[in-house]
Amino acid sequence: MIIDPVTLIVALVTVSTPVLLAAIGELVVEKSGVLNLGVEGMMIMGAVCGFIAAHETGSPTLAFLAGMAGGAALSLIFAVLTQFLMANQVASGLALTLFGLGLAALLGVAYPGQPVPDVAKPFPEAIREIEVIGPILFSHDLVTYLAVALVAAVWLVLTRTRTGLIIRAVGESHDAAHALGYKVVRIRILAILFGGACAGLGGAFLSVVRVENWIEGMTAGAGWIALALVVFASWKPGRVLLGAWLFGGIAALQLRLQAAEIGVPVALLDASPYLVTIIVLVLMSSDRTRAALNAPAALGRVFHASS
Amino acid sequence: MIRLEKRPQPSQGWVIGGPILAVVLTMIAGGVMFAALGSDPLEAIRIIFWDPLFSERFASYSRPQLLVKAGPLILIAIGLSLGFRAGIWNIGAEGQYIVGAICGAGFGLAFYPSESPLIFPGMVLAGLLGGFLWSMIPALLKVYARTNEILVSLLLVYVAEAMLASAATGWLRNPEGSGFPGSRNLSRHPGTNNPELIDGTGMHWGVLAAFIAVIAAYVLMNRHILGYQIKLAGQAPRAARFGGVSPARLVLLCMGASGALAGAAGLFEVSGPAGQITIDFNVGYGFTAIIVAFLGRLNPIGILLAGMLMALTFIGGELAQLMLGLPAPSIQAFQGMLLFFLLALDVLANYRVKWGREAAA
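Respectively, the protein sequence lines represent chains A and B.
Each residue of the first sequence is one higher than the one before, counting from 1 in this note's numbering.
Each residue of the second sequence is one higher than the one before, counting from 1001 in this note's numbering.
I should point out that these hints are in silico values taken from the structure, not numbers from a laboratory.
Source: prediction; values computed, not measured.
Errors might be hidden in some of the hints.
Stated by the list, open to error - Derived contacts from chain B toward chain A, CB cut-off under 8 Å, selection only:
{"id": "1", "residue": "Pro-1041"}
{"id": "2", "residue": "Trp-1089"}
{"id": "3", "residue": "Val-1143"}
{"id": "4", "residue": "Thr-1147"}
{"id": "5", "residue": "Leu-1154"}
{"id": "6", "residue": "Leu-1155"}
{"id": "7", "residue": "Val-1159"}
{"id": "8", "residue": "Ala-1165"}
{"id": "9", "residue": "Ile-1291"}
{"id": "10", "residue": "Ser-1330"}
{"id": "11", "residue": "Ala-1333"}
{"id": "12", "residue": "Met-1337"}
Where is the CB? At the ideal position from N, CA and C, for every residue including glycine.
With the rest of the complex left out, here is chain A (with noise of 0.2 Å):
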């Protein structure tokens, strides 16, 4: 049983950009103090769409745009509902997750199995194809770098300018926020459309790039994947690249230990992302400190303004 290093990196890469884009969207989103578990929802709308637009128009870039727009449209029924309508965030982002799922196989119906596509590489292939350094490094697609420079730009912006700064106060304190004269509501929206676009250009670049056909569930877990993986980052977005690229080698790994057919049954190998995800979790929230720490103060909070 011989599994290449070099491929499996590339694997581990693009298993995890779907995962990275939505993780880095609800960052912003939870920063903001707003708990949003339709992360599941938004990602398949995002799949849905991007899948749609790019057989249809046959336009990568329109497909991207269409899965960010379908998970923002999505996210906004949700923003609506926990910033104006004061709904409970939990119950509201699981109905968008049972929403999202429904609406997206239905809007599907007729494309599972329809041709998309194929989308350039940005890098020529000359370069791709220099030893190790050049699948790892230049063998990916734009998304795939959009994605990692994506979480470079959350943390500068949150921890280097002003907008973070206001961003993290209203996640911290919506109260002292809105006393200073900040938009809660207005920002927090804000904050939950970037995450609802994250999520679904994610799912996009799964159903368009990854695995080029639309199935019904496709994300499978992924959007709660992303959940966990943004409080295994204790909130921090280098962490969630860590963490995006450790579940991603999992899922790579697990799919290659299965096409070789060792002794390993295959329900734990099926498993095994999830469980991991699941100790991770349980590893990164005993440690009381930490957990303590990053978690913005007004996550989940209803904010209603009194004056």
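Position chain B against the provided structure of chain A, taking the given hints into account.
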């Protein structure tokens, strides 16, 4: 300018009126969706909500189905409502349902071909225990490692599905099934079957268990100190802790009870209406039960009615597929819409809507 003013007490009228208005609004929005799919919206709504119960052609088949489908939904939702009331979010009931079914069916098949009357009660206990143990994973992790129970219980659904696939194709596969996936048929074997108790009603042991659970939950929430503690912990966690309510005990109790009930629901399903363990015998009752719990306002009587209504949309949805060719997922989207309207209308119970600018204080 519309303004919201917090009510000191939730409005009793809207607590009951909200769900009813939500159903009406969902019918309107659903009608728009069905029209967009190219069906006559009025006909679609009639086929979903009226024909399964009252049309001469379908009612004889559909009416018993109402209890068959409502039973597991009510049983699971009653368990979930306890935790939801206390702010403990078990959303992995689907996984507990699967594990309960596997354990119960495994117990029954271990004694195959015995037809002893003790087998079925043993299967029920195994189902309860399976669901209970599966829910103890997130519960114990929450208590001892402060891990988020929402994420763990949900992720365990995918682990349970992997187990189900290996059970159906491997260790629980029917040895006389010529290699096809799926266990022996439990419902056609005396001793392991969960029969229809009264002909033509759809009433089976699981439905009876659901009714008992409704009554037990009603007594627990209204007449027992534990019910009071659950409500207190949900509304004022700090006050509950000062009042001597142990959060850890509540987590274990609420998660354990919801897991056990979901496991039992799985066993009743697999030994009755589903008949056998197959790769996809679970049809999402564990997730739909979340909608049922909220639609019923986390109140046992409300859940009973909500379970019936949700079962009706399942049956009506199947009928609409058959009669109008509506795609199957449309009913899932329809159910999701119901939950949205319900959550949106909650605002009316908790806040008063005022027009015009606020008077200067």
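Verification of the supplied hints:
1. Pro-1041: 15 Å, violated
2. Trp-1089: 6 Å, holds
3. Val-1143: 11 Å, violated
4. Thr-1147: Hint on Thr-1147/B: holds, closest Cβ of chain A at ~5 Å, below 8 Å.
5. Leu-1154: Holds, because the Cβ-Cβ distance from Leu-1154/B to chain A comes to roughly 5 Å (cut-off 8 Å).
6. Leu-1155: Nearest chain A Cβ about 5 Å off; hint holds.
7. Val-1159: 4 Å, holds
8. Ala-1165: Since chain A brings a Cβ to about 6 Å from Ala-1165/B, closer than 8 Å, the hint holds.
9. Ile-1291: 7 Å, holds
10. Ser-1330: 5 Å, holds
11. Ala-1333: 4 Å, holds
12. Met-1337: 7 Å, holds
Consistency note: the structure conflicts with the earlier hints numbered 1 and 3.
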